[in-house]
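Read in order, the letters of the sequence shown correspond to residues 91 to 477 in the numbering used here.
Hint data in this document are derived by calculation from the structure and do not stem from the laboratory. Fair warning: this is a prediction, and the values are worked out from it, not measured in the lab. Possibly wrong hints are sitting among the right ones.
For each label pair, taking beta carbons as the anchor points, the in silico distance ranges come out as [unchecked claim]:
1. A317 <-> D471: 50 to 58 Å
2. P435 <-> Q149: 44 to 52 Å
3. A312 <-> P394: 37 to 45 Å
Ideal Cβ placement from N, Cα and C applies to all residues, glycine included.
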Amino acid sequence: MRRRPLGPIVAAAVTIACVSWGISSSTAAPDVRASSATPSVEEAQADVDSALAAFEAAQKTEQAAQQRAEQASQAAADARTAAAEATARAERARGESTDAATAAEQARETLGRLAAHAYMNNTELSGLMQLGIADPEEFQARSTGVSELMRVQDTVLAQAAESQANATDAASRADGHLAAAQEAATSATELSEQAAAALDEASSATVEAGEQLQKMRDIHAAAQRAAEEREAAENQPDRGDGGGDGGSTDTPPPSGNGVFQRPSTGPITSPYGMRVHPLTGVYKLHSGTDFGASCGTAVYAAYPGTVESTGYEGAYGNRIEIAHTVDGMDVTTTYNHLSAYSTSPGTTVAAGDLIGRVGTTGSSTGCHLHFEVLVNGSFTDPMSWLS
91 MRRRPLGPIV AAAVTIACVS WGISSSTAAP DVRASSATPS VEEAQADVDS ALAAFEAAQK
151 TEQAAQQRAE QASQAAADAR TAAAEATARA ERARGESTDA ATAAEQARET LGRLAAHAYM
211 NNTELSGLMQ LGIADPEEFQ ARSTGVSELM RVQDTVLAQA AESQANATDA ASRADGHLAA
271 AQEAATSATE LSEQAAAALD EASSATVEAG EQLQKMRDIH AAAQRAAEER EAAENQPDRG
331 DGGGDGGSTD TPPPSGNGVF QRPSTGPITS PYGMRVHPLT GVYKLHSGTD FGASCGTAVY
391 AAYPGTVEST GYEGAYGNRI EIAHTVDGMD VTTTYNHLSA YSTSPGTTVA AGDLIGRVGT
451 TGSSTGCHLH FEVLVNGSFT DPMSWLS
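When you get a sec, could you build the whole thing from the sequences and use the hints?
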């Protein structure tokens, strides 16, 4: 029994998720069986178990990917918020630096004008002193005022320069923080996108693993049905599986010397009696007579009676049962492996009425009619009733 890989998408998705998020690669899905022939129940069960393990592993991988995707998405959102805050701080710092530079420039301009005026006044006072026109005490007072003005000017200019330098330095630092925040936001966004892609792949892997699991369950169910049919076939008399080709015609077959007329045309390809079953190889009773007619050939009621049932009956394929009363005995005739019905349960038929068509349904190796005659529920040789 060959094994078929779970599929490149499932294997790849599970492997990528395992590598991306640090999950053990042992969770990757194993291969599962596949074949055109129905496997044994044991093989099918092993395949179901493998597919179930793969599906559960894919679910765990998807759950882990979901958690990572949520974490990455939140981290990206936080990074973008931090970048926005850093942008606002940098803008404020640049504004403060500009304001400080403007204030320093204004201070220098104002103090410059005052100093020039004081210098001019001081020059005038010096001239007056030299000419002996000014009062020495007044000159001394004015000189002291000029010196104080110059000292204040130096102090204000120094403070303005320091404020400007501090504001410029703060703006530079804010720009650095902004660049770092923007880079972090970009990285977090990329990680979030990668996590989302891994989640998509893990989700696809889970879906495919679920589909594969359902396929294996269907195969397992088919294997069980096949095993049950094989067991039923081995526990029942041989239904006749040999095919034949006696030609297709709707002309009623000739009647024999017995009570019943032949149900179809074509040669007898397998008589009633013990034989080796052509499909199972089991030596058992072949419970009827096979007429090797082509598929589609007409099938007729062998004797007047009432149709008891029509339907598919496992190895018998499409089957018709007709109940008869012959010399006080309960007799049943069956017509098996049919391709079509021309009657229905409860219908009263006469000998030679068309009831169906030859086929090869059920356990059959070719087109033929398997005809049975049962008396009080026990198989008898149909030919003893036909000729």
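The hints, checked one at a time:
1. Range check, A317 to D471: about 32 Å between beta-carbon atoms, so the 50 to 58 Å window is missed.
2. As the Cβ distance of P435 to Q149 is approximately 49 Å, the hint placing it in 44 to 52 Å holds.
3. In this structure the hint that A312 and P394 lie 37 to 45 Å apart at CB holds, the actual value being about 41 Å.
Checked against the numbered hints given earlier, this structure breaks only hint 1.
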